[in-house]
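S.K.: Guided by the hints, dock chain B onto chain A, whose structure is given.
Chains as they are written, first to last, in the working numbering: chain A, 1 to 93; chain B, 1 to 489.
Since the hints were made in silico from the structure, they are not lab data.
Treat the hints loosely; a few may be bogus.
As the list claims (entries may be wrong) - Below, computed lysine-lysine pairings styled on DSS-like, alpha-carbon distance capped at 30 angstroms:
id: 1; chain 1: A; residue 1: Lys82; chain 2: B; residue 2: Lys150
id: 2; chain 1: A; residue 1: Lys49; chain 2: B; residue 2: Lys94
id: 3; chain 1: A; residue 1: Lys55; chain 2: B; residue 2: Lys217
id: 4; chain 1: B; residue 1: Lys150; chain 2: A; residue 2: Lys23
id: 5; chain 1: B; residue 1: Lys77; chain 2: A; residue 2: Lys49
id: 6; chain 1: B; residue 1: Lys80; chain 2: A; residue 2: Lys46
id: 7; chain 1: B; residue 1: Lys353; chain 2: A; residue 2: Lys49
id: 8; chain 1: A; residue 1: Lys49; chain 2: B; residue 2: Lys131
id: 9; chain 1: A; residue 1: Lys46; chain 2: B; residue 2: Lys128
id: 10; chain 1: A; residue 1: Lys55; chain 2: B; residue 2: Lys469
id: 11; chain 1: B; residue 1: Lys73; chain 2: A; residue 2: Lys55
id: 12; chain 1: B; residue 1: Lys60; chain 2: A; residue 2: Lys55
id: 13; chain 1: A; residue 1: Lys49; chain 2: B; residue 2: Lys255
id: 14; chain 1: A; residue 1: Lys46; chain 2: B; residue 2: Lys73
id: 15; chain 1: A; residue 1: Lys55; chain 2: B; residue 2: Lys335
id: 16; chain 1: B; residue 1: Lys150; chain 2: A; residue 2: Lys49
id: 17; chain 1: A; residue 1: Lys55; chain 2: B; residue 2: Lys94
id: 18; chain 1: A; residue 1: Lys26; chain 2: B; residue 2: Lys150
id: 19; chain 1: B; residue 1: Lys30; chain 2: A; residue 2: Lys49
The primary structure of each chain is shown beneath.
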Amino acid sequence: MPVKYVLKLYVTGATPRSQAALKNIKKILDVDFKGIYSLRVIDVIKNPKLAEDDKILATPTLIKILPPPVARIIGDLLDREKVLLGLDLVAMG
Amino acid sequence: MQNRTKKGAVEKVLTGIRGLDEALDGGVPKGRSTLITGGTGTGKTVILNEFLYQGITQFKENGVYVAFEESKKDIIKNVKGFGWNYASFIAQKKLAFVDAGALRGMTFESGQNYDLIPLIERMNYALKKVKAKRLVIDGLDNLFSRFRNKDAVRQALYQITAELKDLGVTVLMTEEKLGSDNGLSRYGVEEFVADGVVEIELVKGQQQFLRRMFAVKFRGTGFRSGIIEFEINDQGLLVYPKIPVENVVAKTDFKVRKSFGIKGLDDMLGGGIPQGHMVLVSGNTGTGKTMFGMQFLKQGMRDGENAVFVALEEPVEQVKKTALAHGWDFNRDEKEGKVNFVTTNLLDISNDKLLYQVISAVERIQAKRVVVDSISTLLSATMSEEQVRQFLLQLSRYFKAKGVTCIMNCLSSASFGAARGQLLSSLSTNEMRLSSITDGIIMLLFVERGQKIKKLLTVLKMRGSQHSKEIFSYEIEKGGIKMGDKYEE
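Chain A extracted, bound-state conformation (with noise of 0.2 angstroms):
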């Protein structure tokens, strides 16, 4: 199957709060968008460069990139309705 969400998540080295993050939106991710997502994992402290050309001020920060438009969503993404909502996700099946 095709990629159809990409997405970008901002973290801060290997912080508790950074892990959380990751470990919440792959939950997230892989039950609903299985194989259909690409998500990479930004590290501020190794690349502010990125983080200035996607204008990040918090960590964690998602970003969907694709399907338009962006969306961003900070925090601890351990909230699956708001992330869901807030990035404009539609769950399969």
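M.R.: Positioned in the frame of chain A, the structure of chain B alone reads:
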């Protein structure tokens, strides 16, 4: 022991903005943060931009712009109006942006478990890229309103200011002040991260808005108190600092007299006006006040003293034309650097600006004689009598320190047709209120006697010296004032 006051004192860095450094007594605290607060359109952003621009061009200090308010693109476009080419600064690695204006697309929050470390990292990245010594943050309030977790914002701000302090980077930041705000800042942190606070405001004048600023606090450093007026023109900011009044040594001298070159009048004054004195020449329209002033300056130039004419009553060209008709070529004198003319728009005169103009004109040619034509125009064109008093007080302190002798013309109403024995009843309240500033008063009057109008002159007051108490008649003739006989009823 003798260094006690200096020890631990905060070092300052020049902003390079005309007038502001004097007003802030040497600039802003080096390696510290200064907050500029004010309402919309007061000119906060212009101050930030000029701080960066002057840093890069005058002091070879590179800068970082953290933009929460507007986008980088808009800012680059805006400063082109001042002739500043930010794009080339960026290409030369003299300027870097942290572009944090409003984003396209939606941003949601899922919980409040986040931090603002990317902002700090981006800032550090930009600082390193250009090796910045200056950093500005435009729109702190924007940062607060964008995040629900105010603690995260506060924490980030504390961390940023601490890091910048360590790096020795000097910071200016702005925050919008709402009309309803009581305190200095809205989120209760800005004052703690800022070592200095400058508030700016727009005040409605008669015809236009006037810009004012005042330093609210500067931790550990001095600044001039009081309201400072400033302008924004096509070159950026122009601040009119008040003149410090301390350490003024009076250079007044009763023995040195400045003559008018008008025979008879000089005798009445005991040779002329004492050096460093401010003398009011008061009279109705047509009594020749401006003429007395011109002759006073002309005589000064003959005596090798440069002069300044402050033309508020009529356009400079008109003054010159009148003078030429009497054989005085002010145009030539101006070209030879003997005289400077000062003028300003006659509505909403900014006293601070006028003061600055007069003093620059005096300093430029080391003038020793000044004519202000007239105080009455100042009074009618300024917002308050108190401001005019302040202006004259400052002017007089400065003139006395420099030994500059000054004539102030004043339109006096109701001095026409005075009856017998009432010659002096016409001194108006304005002149009375100015009397503490004036060292002398020369009064010009009209009287109607025997179907004729006579012009009369008397010296009403001459502080600390003898003068004639008589009343003399005079005429305005081609070539100047001609004193006549003693007037007797």
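S.K.: Quick check: which numbered hints come out false for this structure?
M.R.: Of the numbered hints given earlier, those the structure breaks are 3, 6, 7, 10, 13 and 15, listed in rising order.
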